[in-house]
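Residue numbers for the sequence shown follow our numbering, so the first one is 355 and each next one is one higher.
Just so you know, the hints here were simulated from the structure itself, not pulled from any lab data.
Computed from a prediction, not measured in an experiment: that's the story for all the values here.
Glycine is no exception: its CB is placed at the ideal position from the N, C-alpha and C atoms.
Do not take every clue at face value.
Cβ-Cβ distance ranges computed for the label pairs, FRET-style [stated by the list, open to error]: (1) P422 <-> P459: 27 to 33 angstroms; (2) V386 <-> L358: 44 to 50 angstroms; (3) S492 <-> I363: 55 to 61 angstroms.
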Amino acid sequence: MKRLIRYIIIVLLIVLTAIVLKNNLIKTVRVVGTSMEDTLIGGDVVIVIASGKPDRGTIVNCRFDDRPDTYLKRIIGLPNDTIRCENNVLYINDTVADEPYTTSPTADFTVVVEPGHYFVMGDNRSNSYDSRDLGQISESNIFGTVRFRIWPLNRFGAVN
Numbered sequence: 355m356k357r358l359i360r361y362i363i364i365v366l367l368i369v370l371t372a373i374v375l376k377n378n379l380i381k382t383v384r385v386v387g388t389s390m391e392d393t394l395i396g397g398d399v400v401i402v403i404a405s406g407k408p409d410r411g412t413i414v415n416c417r418f419d420d421r422p423d424t425y426l427k428r429i430i431g432l433p434n435d436t437i438r439c440e441n442n443v444l445y446i447n448d449t450v451a452d453e454p455y456t457t458s459p460t461a462d463f464t465v466v467v468e469p470g471h472y473f474v475m476g477d478n479r480s481n482s483y484d485s486r487d488l489g490q491i492s493e494s495n496i497f498g499t500v501r502f503r504i505w506p507l508n509r510f511g512a513v514n
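Turn these sequences into a full structure, and let the hints steer you where they fit.
Quick look at the structure:
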């Protein structure tokens, strides 16, 4: 009887641990819309992993202030960076950004990223509501980074 109770407790602990991980550290997100094409396509399902401060170029699951929904966007600017787009060329602190993931045109703009905030953009720049329209993202509004695509199976793998 004691052995059965021990097994039940172990199974319950495993289930509880899995629930805590899924709800707090790892989650799946279905891509909606076209703002991250061609990297992520509407209907893709990705794994988002809670992590520390994101790096430039990382795709994050985030929320803009005054918006209830979450979005998938790429970190372009870190706190205190100057981001400028001129003639479809993106500059980060006066250095041309290497952006192999985007080919769509981008209107000219200049912005200085506030301390404790990030500047995010979609890869499909001409069809993305992002920090250019909705404002910068505070660190507390970044919920995790996109690491893997799990659906569709023919595009399964790491996301860059």
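Do the hints match the structure? See the list:
The given range of 27 to 33 angstroms is respected by P422 and P459, whose C-beta atoms sit roughly 30 angstroms from each other. In this structure, V386 and L358 meet the distance hint of 44 to 50 angstroms, their C-beta atoms being roughly 46 angstroms apart. Against the hinted window of 55 to 61 angstroms, the Cβ-Cβ separation of S492 and I363 comes to about 41 angstroms, which falls outside the hint.
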